[in-house]
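Once you have looked at the hints, place chains W and C on chain Y.
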Amino acid sequence: MTVTKIKINRNPIKQILKDKFAFVSLIVLFGLYISVVFANFFAVYPENFSDRNMSYAPPSKIYVITPEGKFSKPYTYNYKRTFNPETFSNDYKTDRSQRYYIKFFAKGFEYKFLGLIKTNRHLIGLDNEKGRLYLLGADINGRDNFSRLLFGGQISLTIGFLALFISFPIGLLYGGISGYVGGITDNVMMRFAEAIMSIPSFYLLIILAALLPANMTSTQRFTLIIVILAFIGWAGFARVVRGMVLSIKNLEFIESAKSIGASSFRIITKHILPQTASYVLVAITLSVPGFILGESGLSFLGLGIQQPDASWGNMLKEAQEYTNILYRPWLLTPGYLIFVTILSFNLIGDTIRDVLDPKSYGR
Amino acid sequence: MTKKVIYILLILGFFVFAATSCLHKDIPEVEINSNLTQNFVQEHISHAKGKYELIEINGIEYFRSRGNTGKYGGTLSNSTIGEGPKTFNIWNSKDNTSSSLAGIMFEGMFTSDPHTGEVIPKLAKKVEIDSTGKKYTITLRKGLKWSDGKEITADDVEFTYNTIIKQGYGDTSTRDVMTVDGQMPECVKLDKYTIRFTTPKPFAPFLRMLGFAIAPKHIMKSVTDKGKEEFNRFWGVTTNPKEIVTNGAFKLKEYVPAQRVIFERNPNYSMVDSKNNVLPYLDKYVVYIVGDLNNQVLKFEAGELDILPVRGNQVARFKSLEKNSDYKMYNLGAGDGTTFVSFNLNRRQNEKGKYYVNPIKQKWFNDDNFRKAVDYAIDRDFIVANILNGVGMPLYTAEGLSSIFLNENLAKGHPKDINFARKLLEESGFYTDEKGILHDKEGNIVEFTLMTNAGNIERESIGVMIKEDLAELGMKVNFKPIEFNVLVGKLTGSLDWDAIIMGLTGSSLEPNNGANVWYSYGSLHMFNLRQGKDATNKVDLRIWEKKLDELFAKGATILDFSERKKIYDEYQQIVYDNRPFIYLYTPLNIYAVRTKFKNLDPTSLGGVLHNLEEIYIE
Amino acid sequence: MSVLVYIIKRILNAIPILFIVSLISFFIIRLSPIDPLSELKLNPAISPQTLEAEKIRLGLDLPLYKQYLRWGGNFLKGDLGVSTSGELVADRLKERIPNTLLLTGITIILTWLVGIPLGIYAALNWRKPADRIITVFTSIGMAVPSFFYALLLLVLAVKTGWFPIGGLTSFNFSQMNLFHKIFDIIHHLFLPVLVLFTLSLAGLQRQMRGNLLDVLESDYIKLARAKGLSENKVIYKHAVRNAINPMVTLIGFEFAGLLSGAALTEYVFQYPGLGRLVLEAVMKSDINLVMASLMIGSIMLVIGNLIADILLKIVDPRVTME
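Protein chains in written order, with this note's numbering: chain Y, 270 to 632; chain W, 13 to 630; chain C, 1202 to 1523.
Because the hints were derived from the structure by calculation, they are not lab data. The structure presented is a predicted model; accordingly, all values stated were derived computationally and were not measured. There's no promise every hint is true.
[As the list claims (entries may be wrong)] Straight-line Cα separation of at most 35 angstroms, DSBU-like style, residue types lysine-lysine; simulated pairs: (1) Lys213/W x Lys1256/C; (2) Lys447/W x Lys376/Y; (3) Lys63/W x Lys296/W; (4) Lys157/W x Lys37/W; (5) Lys201/W x Lys138/W; (6) Lys362/Y x Lys37/W; (7) Lys287/Y x Lys16/W; (8) Lys610/W x Lys1360/C.
Next up, chain Y with everything else stripped away, as it sits in the complex:
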C-alpha cells in the first residue's frame, strides 16, 4: 500500500474552490453571513413584530395560479384562526376574501441600511400592510419565524468567532511559554490552567451564566456570554499546545536553534508554535462550532440570550416541545441552520488543514 500523492493546490482559496464539499460549504456560509449582515433588508418584519392573532400560524402559502387556472403575480392569503372549544384546537383557515400580492423591494419597516442609510425597502413584502407574509410560519407570539432567524443569526453566527479571538491567542501563547520554559514556571502555569480545566466546563459555563446580573442590556449579556465561553475555552487549548511543545522541543532542530543563540521568544513563536499548526487548525475548526453549540446549550437551559431577543439557540428551545416537533416543523428551522453552519465550518476547516499544513507541501 502506498500513500498516493495527489496534487494539491497550495493556495487555500483555490483549493477550497476546487474541493466540492468545501466549495458548497463556502457558498452556504457566505449566503448565511450575507443574510445576517443584511438581515434588515431580507427580513419582512422587525425582530419584535408580533401579531398575536397569528400565534403558531403555519407558513404562508404562495400562489401563482389562480382558481380560474390563470397565471398570476405571486400572491398569498391571510390566515384566520378559529378556536374549537370542544377539541381545544386552533385551526388556521385561509381567508380568501382578499389577495395580497408579493412585491419585491417593497416598503416595510424603517431601518438603517448597513447602519448608515435610512430606508424602508425590503427584499420582499406585501402590497398591503394588512397582509401577513410568514415565509417560515410564526412562533407562539405570532412573530415571523423567517425574520427572527435572520436577526437571531446575527448573534449565533458571530458568537463563535468573537469567543475564538479572545481564547486562542491566550491559549497558544500560554501553552507555548509554559511548555518551552519548563521548570517551576511550567509547573505553576499548568497547575493554574489545569485548575480551570478541572472544573467541568459545562457546569462552569452554567454557573457563570447564572451569575450574569439581571439588569443587563442584551448587548452586555451577549458580550459577557462571549467572555465566559472564551474563559472556559483557553485553558484546555493551552494544555495541549504545551504537551506538543514538550515533545517538539526535544527535537534536534530546536536544539540547533538554541545552540545558535536564538532567543526563547523567537524559538517559541518561530520554531515551536508553527509545529503545532496541524493541531491548532483542527482545534479552530472544532472550536467555532463548539462555541455556537455552547450558546445553544445555554439557551436550552434558559441561560443564554434572553427573549425577546432572538438567537438560534433560544428559538430552538421553543421548538423542542413534543407537539411542536410533530405539528410545527417550521419551528425547527433554527436547528437545521445550526446544523448546516457547523457542518460547513467543519468541511471548510478540513480543507484548510490539508492545504495550510506545512508538511503537506510537495505531496
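Same frame as chain Y, but now just chains W and C:
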C-alpha cells in the same frame, strides 16, 4: 464539460424543486364538517357520595368502598416532575414532591371530601365540636393496623401532635399554621380511641389540619428521643423500604434514585369493598421521576405512563387521538394556581435611606387609576388563547375559580377596554405626547421593568403580550425574564423591582392558607413586603391593607361556612378593587387516563387519583 | 522505581490544583446572587423562624471565608456535608457516579474502537473518496446540537416503540434475572450512547487522521521507507504507533469529560447520572452538592492526566519524566 452540465442541471433542478414547493396553485379547500360532537366542556363525572359506611369485621372498623367491586392485581404508572423525593419522612418533608409521595403512604384522622370539599373522617369515625367552637372530641376507628400489624391508637395521635409537631421535629410549617395567637392547640388522650383537642380560640381551618398524617409511635418514639438531627435523617431516601411502616393504602417497595418510586399494596389498609375484600386492588403504584413536561408526554405516548396531566396545546392532539386510543380524557375544570402581574407598592426606604422603588415610579404604581388602567389594558382572552391554547380561563379574583370560597360576583371580571384605561390615566394627569409616549403629570416618561422567571415559556410569552398591551397605552415596558432564584432574591430580599409576572399555588378549600400573602406583615406580602423594623411599623399601611389584616384575622375564627364566606367574599372584593395583584388566568386541569382502569371518579377538588385504593384493572 | 517517585510527585502536584479549584468554584458560587433558600422563601407555609434555622444550618450567616474554611475542613475529613434539602451529599453522589461512569465509559470505548481505525483508514486514503466520505459523515454527527438530536431520537422512540423513553432500568428491574437485567440496561443505554458517540466520534477521528498524516511525512518514516521496510510494517509498526502517542493525552481529557460532557444528554434522556444532578444543583445553588461534584470531577481529571502521562511514557520513551 459534461460534469459542468450535470452541475448546472442539478442546481437548476434544486431551484425548480424549491420553487414548486413554495409556489402553489390556488385551490379553495372544501369545508369539512367535523362530526366531533362529544362535549368536552367541564364534565363532573360523579356526584357527592356522602360519608363512608362503617362496618366491623373481626373487631376492625373498616370503611366500605363506594365504588364497584373490582379485582386484585395490576400496576398503575404515574409520574412526578422534578428531582424526586428528598425523604419519605412526611413529617420532615419540605417540598411538594416528597410530601405528595409520602402522602400515598400515610393518612390522617380526617380528609377532604373530593366532591364537596367538606372535612370527612378518615382514620377517625366522628368528631364532636362543643358550643364554644374550641373543643374537638375525636373518636378513632377501632382495630385499625399499621402495615407492620401494630394497632393504630390515640397514642399515635397524641405522639404526632404533642411530640413531633409541637416540639418542632422535622418540618415546622405544620406547627406554624396550627399556631393560634402564639399557642399550639392542646391535645389530650382521653382513652385508647378518643382524643381531645382544645384551641385557644375558635379556629376555622383547624379541623382540616387534623388531616395531617399520623405517625407510628412505636417506631418513632425512639427516634424523637435521640433528637432532631436523628429525626431529620430518619426514613430518608436511602432507608430500606421494609423499615417504613405506613397506614395508607400503599407502602414503599423500592426507590430507584432519579428514576422511580414503587409502592406496593398495604395488606392492613383500613377499607374494604362490598365483598369485604381489603383494599387497595392494585398490586403496585409506580411513580416515575421525570425531568420535564416533554419527557412526561413522551413517556405517556410510549405507553409507559397510565395517567398524564395534559397541558396547553397538547390537549388538542390528545383529544383528536382519543377516539382510537386506549385512554380517556377528563376535564376537571379550573385549577387552583394563579398567575398575576404585580407592581411594587413599597413606599419605604432601606437602611441606607434609599427608596426601594424610585419615587417617580412609586407615584405611578401607587396610583389606583394606574393599576386599574393596566388591568383594563390587558387582554386575558388572548393570553388564554395563545399561551394556553384555550385550555384555561381568564382570572380576576384572588381565590381560584375552583375555590369553594370563590366570590362569584367577581369571577366574570371585565373585558379589555383600552378606552376606559386611557380615560383612567387621563384622570390621573397622565398624557401621551405626539409620538404616543405616555408621560405623567410632571412630564416623566412612563417606563418600567417587568420581570419574570426565565425558562418558563408560558410566562415569557405572557410578558411579551403584556408589553404590547401596555404599549397601546404608551407605556414603555422593559420586559426581562431572569433566573428564578435571582427573581426570588429580589422579591424577598433586595425588593428592588418594578413589576413582575408571578404565580402562586392556592388552595381551593382553605383561603387561610394564603394568609401569608395578605397579612401586611406576611412573608409573601410581596407587593409591599416588610422586612426588619418595617414589619412592626404599620404607619404607612394603606386602608385596604389594614382591612385585609382584619378580615383574615376574623375569617380564621368563624366556623360557620356561610358566615366565613361573607368575609372572604369581602377580601376578594378588596383585592379586586385595589389590584395589588392583577390576576391573569388559571389553567384547566385536564387528564388523560388509560381506559383499562375502572372505578375512576375524577373530581375538580380531588383530582383523578383521590380514590387510588378503589381503582382496579378490568 | 522512577515511575513510583513520579506518581508520588504528581499526586503532590495535584494538591495545589485541587486547592485552586475549590477556591475558584466556592467563591464563584457564593458570590452569585442565587439564594439557596429561595424555594423555601416562596413557600407560604414556611415561617421566618424556619428560614432562620435553615440559614444557620447551612452556615449562610457566617462570613464568606469562614464558610469556605468550614467547608474545606469538613471536606478534608471526608464529610461532604448535606444538600440544601437535607440529604447527605455523599449518598447522592454515590447513587449517580456509577451510572455516569457506565454511560460515558461505554461511549469512550466505542468511540476509540471506531474512531481510531476510521482515522487510520482516512489518513491512508488521504484525499480519496473514502477519506472524504468518512470525514463528511463524522462531521454530520458532530454538527447537531446534542439536546436537539436527543429529542429527535426520543420522538423516534415514541413513534416506533423500539426504545424506552429515558431512564436506565425498567420498573420491574429488580425482579429480572441477570440476563434480562443486562439486556434491560443495554436497551436503555442505546439512545444516550448513540448521541454521545456520534458527537465525539468526529473529534477523535480527525485527530487520529491528522496525527497519522503528520507522522507519515516525518523524516524517520521516510528513512524507514528508504531502508526498504515493507509498507505495512512502516505504517502499522512505526507510523501508527507514533501517531497514537499524542492521542493518549486525550484519554485524560475524555476521562474528565466523563463527568460533565454528558450533562445535556443526561438531562434530555432523564438519565440518572451525575450530570443531571449537578445541573439541578447548580441552578439551585446547592453549594455542598455542587462543590462536591466539582471536586470529584477535578480529582478524576488529575487521575486521568496521571494515567495518560504514564501511558505516554510507556509508549513513547522519548518523553522524559521530569
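Violating hint indices (sorted, rising):
4
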